[in-house]
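Student: Spelled out from the first residue to the last, the chains are:
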Amino acid sequence: MTSLRWRIAGHALALLATVLFGGLLSATLVRLAPGFDVDERELDPHLSAQSVQALRDARHQDHNVFRFYFSYMQRAADGDLGTSLALGQPVRRLLHDRVPLTLRLLSIGLGLAWLLTLTLSLTAAWLRLSIYDSLTTAVSGALLCIPAAVLALLSVLWNVPGSLAIGLIVFPHSYRYSRNLLVRAYSRPHIIAARAKGLGEARILFWHVVPVVTPQLLSVAGVSVSMAVGAAIPVEALCGLPGIGQLAWQAALARDLPLLVNITILVTLVTLLANSGADVIGHMVRSQEA
Amino acid sequence: MRGSMSFWRKLACALLVLVLAASSAANWLAPAGYAKQYRDATDAAPSHRHWLGTDELGRDRFARVLYGTRISLLLAPAAALLSTLMAALIGGLAGYLGGAWARMAMAVTDLFLSLPWLFLLITARALLPLNVSPLISVLVTFLLLGLLGWTAAARVLCTSAASLRTSDFVRQARAAGVPGQRLFWVHVVPNLKPVLYAQFWISIPVFILSEANLGILGLGVAEPMPSWGSLLKELEGLVSVGEEPWKFAPLILLVAVVTGFQLLLSKQEEVAA
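Heads up: the sequence lines are chains P and F, in that order.
All residue numbers for the first sequence refer to this note's numbering, where the first residue is 1 and numbers rise by one.
All residue numbers for the second sequence refer to this note's numbering, where the first residue is 1 and numbers rise by one.
Derived by calculation from the structure, the hints in this document are not laboratory data.
Treat the hints with care, as some may be off.
[To be verified] Some chain P residues near chain F, calculated using beta-carbon distances under 8 Å:
1. W126
2. G141
3. I146
4. A248
5. W249
6. A251
7. A252
8. L253
9. R255
10. L266
11. V267
12. L272
13. N275
Note that the coordinates shown come from a computational prediction; the quantities given were computed from them, not determined experimentally.
The beta carbon of each residue, even a glycine, is placed where N, CA and C say it ideally should be.
Chain F on its own, in the form it takes in the complex (with noise of 0.2 Å):
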């Protein structure tokens, strides 16, 4: 069983590796730019030329798929960096402080974790500008995810930081005279090291999958910028399953790489455990 779980982590990772390098060269792979539009080929059937088809604008679906995988694929990752760093300052110090600042913390935590993520996210979300630039509608976007998808992870760093506050050796060092701040960015943090690990792995599947819910929503990156939630938009479009399937493209490599985030994430978990 062990084997055989250690075929499919190392699948995993061979399929994100093999997503990421795709994405990254994108620039090399795609045969144009991502706003570019073929006018005289719209909404194209796959073909030589354009292997996915086009879309209704006339843009070739694979560039779109492949520099929309890229920005997916690098921005999940630096939203769940920053929602981890905020629930380890957040969850971290609340644990390691204790008492009021603990209850406080995690009667905030428990407010935002009691709202849907998804409620949560476009009611953020509309109180910013709709309407701007694509560039700024990325950032704007897994900044949100970053800033909001830090609860879960710092009600589990909190707990964890807690029981490192009572344990022996932060006992020890601070009867040994080690001073509040040292003792929690040398003995604690580094303990913390493999939770904060695994939450940031956890969060980044959840924040591809809620970009992916926000873009077919219409709140998320805006037109001409490609993420897989605006490619998966184009779904909405459709009469039914057989139809076209190569539309399915986004969602299929969507599926593919969440699967393999998820795959490595068993690994993940049993490291915090």
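Isolated chain P, as found in the complex (with noise of 0.2 Å):
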């Protein structure tokens, strides 16, 4: 209980020191972007120069990278994130909008790989059948050289939904990783033991196999999380999905700097948050079957 306890403490030092760091380092590269210091507002010819000098002034404060970084900080927590350049809206405004339909889409997206992966895997460990097997991993080999923005646009010309292409993008990964893990687990010589007594095939995965993978399992479908969250910018970009994705793309296309900086912010705590949770569960089970 008390390494439980350490373990979730050592996470959320490290999600809040990648909150800061990660802010810092986000604070640097914007400040240090080319444009950074340019506002296509003085060009305008209706300012007079007091104007000029006053849109001057007011980024006079931004030039000092760690004041800048301390006032972004500040402001985020006060629920400012402050308003991207190219939409002209509140950050906070514009993300509270998109996350629901990401969200959905990253579940069920992440819903349709498992249950491709498990089923596929599983059917894999059991049948050994070296043409089933073959036929999985070339369909999952295929699937892994193709990109995944190509995925996203043969998901628009089929006219199939975008989760679905999430799916088969994560899927190769997570396949890959699940296979080997339950092939391994079911060639265990007490595995063999039992299937050779005669012991029910659900038997023996509930009760020798499941025990076994489930912590690498957790931390694969972790890793699968991030996975999905990068398939999110072409799947939303390309099939026209207002979720962060699309967000991010267009803020990067516009070199909307805070948007994008808020955003790499939110999907670092994202992954992070999934990856922490796929470690805590799997100690969890550890210790239980110890």
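From the two separate chains plus the hints, produce the assembled complex.
Tutor: Take a look at the structure:
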């Protein structure tokens, strides 16, 4: 129990460090990016010299990276994440409007990917037929060789939901690990002996295989969240789905750095939370087994 | 089974050599330069004059595929080399030094690894100017891939170097008074070579696919320079798959080349293990 608490505390500390370090890194990159200290409004001939000077003064406090970082973190703590330069809307509202769609897309996509992964890898481990194994490996290998953006385009052409594209992008990665884990678990001597003694497949699976592979499968599941979030960019951008991925793509094309930095920190937190959650649950399963 | 795998590897090798040779000979094989426009034949279907038709600006698609393949196939290994060297330096050194250095290096590595790869790429790409010359855009794209793609390899190398640090021959060398720097370059790095080769080969298809993703999203190589990413962007305008199948030529070539690398990879993974 104490080790679990330490583990959770460690993950919480890592999350906090990530936010602080990620914020500093992002602020530095934004500050050093070409065109940071340029405001095209200064070119407006209607503005007086005093107005131009006022615009310059408003940007003056952003010159120091650390001051820029602290003012950014202070505002973020108050819930003000700044304003998008390209869309002219508060970043907080933009994120609030688009997060639900992305979450729905990711949960359905991940669900599909894992359904396919577990079905195919379990049948591969059960059947132990080289033709079936070669076929599933070839399918997952082929999907691995197609760019995620092409799968997104094909989903538009075939008029299938974007979540299926996310599922197919994540599937080959999760299948590779899961298949190897399950095949290795099924080739353990005690399982071969159990099979030889006529133990039912369901009993072997739930009593002998699942406890062994669960912690590692959970780690793969944690990593698959990160993959799915990455896949959301091409899928949302090319399928015209107004989620966080599309917002990140629009921000990148418009070089809307305040928006992009906030999205990046949010995404990092989500993926870290997923990985930490998988690690903590895996630890709980292992300690229960022990 | 071993025989059949060897056959597939030979086939992959032959395919990669053929594609590399064809793209290297683009100046002779292509009917025109990649930017030459045939304004009388825009968006044309394949013909004896234009084997893969022309794009909407009247540029010969076959020529663009050849030149695009050359760019992707030359620069992806260059980016892979850069990322492998960075991984060797950061991961190898961290593993060799151990202690706080290793923990710090791996904490930074984990932070990078926790970020989705494409998110990291588009964020870094957006920090740089987008309206640059085509040549600069090619260099920026592949340089970014090389500079950001070292993390997974660094983790593997850190573990390998850490196990070497505690191995008997390194301990004996240290006890014999071999200086730390010499120990690293003469005894540790040469033993990391198989892992370095494997990481180099693993990175190439990853970078080819990443460039393709960036290109389709409009954040990769700038026009009129062709690359697999910018060529695949054409698929965006399709209404159905069967409408103009010749537009899938760059995709088929990309998938064939990445599959070729994946088949070769299994050999590299065996060597690394």
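Student: Name the hints, by number, that the structure is in violation of.
Tutor: 1, 10
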